[in-house]
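Participant: Chain by chain, the residues:
Number of protein chains: 2
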Amino acid sequence: MYKQLLKAHLGKIKGQVLIEGVHLCHSWLEHHADPLLAIFNAAVLEHAKSGVCSGTAEHSEYKQAKEKTTESALAMQSSGDEVWQLFNLLDTDQCIVVPDKLFRNLTHVDSPQGVLFLVNTPSCKVPAMIHENAVFLDRLQDPGNAGTILRSAAAAGVRHVYLSKGCVSAWSSKVLRSAQGAHFSLNIYEQQDLSGLINRTSIPVMATALSDKAQSLYETRLPEQCVWLMGHEGQGVHPALLSKATHQVFIPQTDLVESLNVGVAAGIVLFEHRRQRLYCV
Amino acid sequence: MYKQLLKAHLGKIKGQVLIEGVHLCHSWLEHHADPLLAIFNAAVLEHAKSGVCSGTAEHSEYKQAKEKTTESALAMQSSGDEVWQLFNLLDTDQCIVVPDKLFRNLTHVDSPQGVLFLVNTPSCKVPAMIHENAVFLDRLQDPGNAGTILRSAAAAGVRHVYLSKGCVSAWSSKVLRSAQGAHFSLNIYEQQDLSGLINRTSIPVMATALSDKAQSLYETRLPEQCVWLMGHEGQGVHPALLSKATHQVFIPQTDLVESLNVGVAAGIVLFEHRRQRLYCV
Chain A
1 MYKQLLKAHL
11 GKIKGQVLIE
21 GVHLCHSWLE
31 HHADPLLAIF
41 NAAVLEHAKS
51 GVCSGTAEHS
61 EYKQAKEKTT
71 ESALAMQSSG
81 DEVWQLFNLL
91 DTDQCIVVPD
101 KLFRNLTHVD
111 SPQGVLFLVN
121 TPSCKVPAMI
131 HENAVFLDRL
141 QDPGNAGTIL
151 RSAAAAGVRH
161 VYLSKGCVSA
171 WSSKVLRSAQ
181 GAHFSLNIYE
191 QQDLSGLINR
201 TSIPVMATAL
211 SDKAQSLYET
221 RLPEQCVWLM
231 GHEGQGVHPA
241 LLSKATHQVF
251 IPQTDLVESL
261 NVGVAAGIVL
271 FEHRRQRLYC
281 V
Chain B
1 MYKQLLKAHL
11 GKIKGQVLIE
21 GVHLCHSWLE
31 HHADPLLAIF
41 NAAVLEHAKS
51 GVCSGTAEHS
61 EYKQAKEKTT
71 ESALAMQSSG
81 DEVWQLFNLL
91 DTDQCIVVPD
101 KLFRNLTHVD
111 SPQGVLFLVN
121 TPSCKVPAMI
131 HENAVFLDRL
141 QDPGNAGTIL
151 RSAAAAGVRH
161 VYLSKGCVSA
171 WSSKVLRSAQ
181 GAHFSLNIYE
191 QQDLSGLINR
201 TSIPVMATAL
211 SDKAQSLYET
221 RLPEQCVWLM
231 GHEGQGVHPA
241 LLSKATHQVF
251 IPQTDLVESL
261 NVGVAAGIVL
271 FEHRRQRLYC
281 V
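These protein sequence lines are chains A and B, in that order.
To convert, note that position 275 of the first sequence is 275 in UniProt numbering; the numbers rise steadily by one, no gaps.
To convert, note that position 164 of the second sequence is 164 in UniProt numbering; the numbers rise steadily by one, no gaps.
Mixed in with the good hints there might be a few duds.
[Claimed, not checked] 30 Å max Cα-Cα, derived DSS-like pairs, lysine-lysine:
1. LYS165/A - LYS174/B
2. LYS165/B - LYS101/B
3. LYS165/B - LYS174/A
4. LYS174/B - LYS174/A
[To be verified] Okay, the calculated beta carbon distance ranges per label pair:
5. ASN88/B - PRO204/A: 45 to 55 Å
6. LEU210/B - GLN235/A: 29 to 39 Å
7. LEU36/A - GLN235/B: 30 to 40 Å
8. GLY234/A - SER123/B: 27 to 37 Å
9. GLN235/A - GLU258/B: 25 to 35 Å
Simulated from the structure, these hints should not be mistaken for laboratory data.
For every residue, glycine included, the Cβ atom is placed at its ideal position computed from N, Cα and C.
Starting from the given sequences, assemble the full structure and let the hints guide the process.
Facilitator: Listed below in structure tokens is the structure:
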């Protein structure tokens, strides 16, 4: 079992992923069924229990592992109570409790909170026709940018995000952390042929670009529904894809820097779109 | 000399910093005087010269170090020509050329381009009265967010950024990379007492907040000049500071996620401000 978890940690089990931390695990429970497995750090549970929850019934898993706590784990105190509450929300047979040292092998962060869920990666069927607000990401490389864009899309009410082949994996731990739970309220489609998808789009495709053909975002009456096409951090949207976009827009900026960060640019266009939808009807 | 560079690399020389890569070094030359010292990777120069620039006069520094190249450094080819051009822009006595292995000890990136500038950190005198558009950052932690906000401020035409005590250092290598040269066209003031500064502000202070007192960004007529006050990633603007702001605004979002990334939120408010300045006069 532990070996399988290590594999999942390394992203080597297709269709399964480890999500980490109280916030993401709670988001998972809100939006999906129970996890395949919940993994807890014995040291964190031990500390939280001794401080706050004495008298609460003990999971048997917890009893088995609690002897193996280490000093270092006690630094994780701040979120320990929340981890303990999460532990008590779940059935015993869903949980395993592992010693601090083994737990740390399963996390990607320096200061882990003490809880991981092993879950099936939600998979979404691509609709036959795209007619709802969506984001298309062309070869985006940086996990922080990808996560930020997922977060901004959810915040702006755009529920569908399509990632091209060559994009960073949407379910990698860094993207998950950066998106702060947005994954669980979005439909995320990976490894997509964006060019083929544009042919199946019944709404305008708006590409962000710094080309001569682009018009100012603020002088564009944005359609109620559209696809936002955003590109690679250095190269932007691939020219072949760009030529298939219905419109090209740019964000009017000074020439003090070459461009905006793509995650920021996405936030600006998605929220200008939201502003126009909410306030310019 | 090399020991001093190592110290600068570790951020241990007050008032000096190493900036890295062709783009940042060019930005420095555009906005400032020459660097204190330019450090080049011998392997990169060797490769660029043999491929492109045969016949060009050789710096003596380059001759001394070129024997020490290593195979691994040849992977840096893509930006080698630009590094070579930069090398030829500078006077010999400004440059040192070091073997690949030593160069790598001075960089923070996995694939260094082959050029570093040692420069004096520009210091700006805080004006007696603040009456121009500015950004105040309260205890911002993440270097990526800080860099992104500097980049967005420059792109939006906001020239002054004040960082509180407890903020990430604006001149750390990660912030420099993330800001993509914005540092060199901004006035950056670090270790500031923002509360004291608000007393010396003759323009409205707009804080982003999710409090009951906040009003919708899109229903707010933004003043021509104002200070944007943005806060800590998890905690937002400190309550004591927030109470001193003239206005509190929020970005109208769905409840699918708790909040926006602070770098994205800054981009959205700075560009909504720019939109109103440019298009709502």
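Participant: Looking back at the hints listed earlier, which ones does the structure fail to meet?
Facilitator: 2
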